[in-house]
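Each chain, letter by letter, is given below.
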Amino acid sequence: MPTVVRAGLRRARIELRQQIMTPMALFVLLGPAVMLAVLYWLRDSPLMESALSVGQFLVPAYLAFGIISGGVLGVSGEITTERDDGTLLRAKTVPHAMTGHLFAKFFVSIVTTLLPMTVIIVGASFLVDGVTPTTTWGWIRLLLLSVLTIAAMLPLGAVLGSIFKGPIALLWTTMVIYGLCAVSGLFYPITALPVWLQWIAQVFPVYWLGLGFRSVILPAEAVVLEIGESWRTWETFGMLGLWVVIGLVLAPIALRRMSRRQSGSALASARERVLTRGY
Amino acid sequence: MTPTPPAIQTRHLQMQYGATRVLDDVTVTIGRGEVVALLGPNGAGKTTTIEILEGFRVPSGGEVTVLGETPHTAGEHWRARVGVVLQSWRDHGKWRVGEFLDYLGMYYADYATPDVQRPWPTTDLIERVGLGGKTLRRLDRLSGGERRRLDVAVGLLGRPEVLFLDEPTAGFDPQARRDFHELVRSLSDLDTTILLTTHDLTEAELLANRLLVLAGGSIVADGSPDDLRHRMSATASVRYRRDGQLHTESTEDPVSHLREAFAEPGVIQDLEVRRASLEEAYLTLVHQVETGADTDPASFGILPDELPDEREGA
Ligand SMILES: Nc1ncnc2c1ncn2[C@@H]1O[C@H](COP(=O)(O)OP(=O)(O)OP(=O)(O)O)[C@@H](O)[C@H]1O
Ligand SMILES: [Mg+2]
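So the protein lines, in turn, are chains A and B.
148 is the number that this note's numbering gives to position 160 of the first sequence; each next residue is one higher, with no gaps.
105 is the number that this note's numbering gives to position 87 of the second sequence; each next residue is one higher, with no gaps.
These aren't lab readings, by the way, just hints derived from the structure by calculation.
As the structure is a computational prediction, the values presented were derived from the model and not from experiment.
Straight-line alpha carbon distances no greater than 25 Å define the calculated DSS-like cross-link-like pairs of lysine-lysine that follow: (1) K153/A to K112/B; (2) K80/A to K112/B; (3) K112/B to K152/B; (4) K80/A to K153/A.
Input sequences plus hints: build the corresponding full structure.
See below:
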């Protein structure tokens, strides 16, 4: 194994251990716990005129939301912090350490996004009826979809994290993402939204990954709630694939641009900002 | 075989931030194995110069090479030969001293040669920088001085050919300072080229065989500590009490000054004659540059009593 990959794995192990040792680790489980409680509570409420329950409809929404928040918000937040505290600059002073650092980030994010997802899907399968794939092929598609979504989300997180500056930027990123989730029909059927909003939603990956998870998890008759009453499987994979490519092209550019600007004085001014403004 | 390039070479180096020009014309050559101290007042551009040499900033003009390559375009192989201690760090707060050095050390393993073991074995390094017994300490629990020692350790991890140290001893207690000086001296025995900045002139004199003074955007003095002293100041300060009244004088000829003093009536007590220190010479020089004056430094008549104590704030 090349040195960078070994070093990246070592870093990932250390970072994961650090995350598990902190009280924050409980949040990783707290989120899914709250979601499971909501699912249980809404397991019998009918969703509009469909045969689905609200709880059922929310399972794929939570899975999609978990990947989005873990991937985009997690990575962009970390990159902002690491830029301001000198972690990235440190990596620049050591040969190949930047590459190793990104490897580590990738490994860590996969674990930290898949873990809560696993909790949700296992928990939901006990609490709510009809929320797990029923065939092996269904499970394989769920796994493929998860990997594809993570691959689409991580680079976008890196791009957003390196474009914006400071934790206020994180707030912006959060609002953009939540806004997208709201218009993408993640938490209620998109067909209930005005048509022009539906068109906007279909440009962004959030809609497609929500659709993907619904198609894998919900029973076949749920398709009536979708645009054109179709799961559009190929379009889903196509659009998510396109966003993977967009992310992979943009991320190195944004990261390189950001890391080029890293220097001791940039750090000093970031510290100054924290001292005087408190963020 | 091509001759080995100098460790560091700059020609007409310029750096501009927006409309402010920080470096105007920095031209300097530093040979292999030299230990050089870069001095200059706050904001003179020391950090800027060092970060250009480290490849973290692109100069606005001029040429710069370190180990024969242009720093900001050089690759990872070059990076492995250069050690960096920046002016301030606060990264990796949750990591432990030992695991942090072990992790970063991994990246240097590919650069080991039959002669040079890389990385520097962590336990030995921790001992050398005086962090023995703190291997398991979290970085954010280290004191300011301990943190600085760790930064120095990271700079040394790959046994660099050129080592940049930006105010390495800021926040060190006297013992740590002495340990650090020993460490630097042992490094220069290993033929490491070292460029360091400091505000402590005693330290500069102790460590470096060559001083560079950066002021007004260019190098205004370049030489051994003795050169600087002699060039800047032939004066001595004479101080005594006659019948209880204090007299202080700075003069180029203390002997005849004293002869006159003794010739006058009165009891002379507490007599003190001091040669100009490096610090005085340095301050005179910087003052000259800042005021644009080109007069004889002795005419400034700066006396030790009136000098702001720069070492305090360093
Ligand atoms: N990124 C930047 N943008 C604008 N101005 C800058 C930037 N970095 C440094 N400066 C300015 O350039 C000048 C030189 O800064 P530099 O940090 O190199 O000084 P220094 O000699 O290291 O000072 P000190 O002794 O305080 O460390 C200062 O006036 C500083 O404000
Ligand atoms: Mg500085």
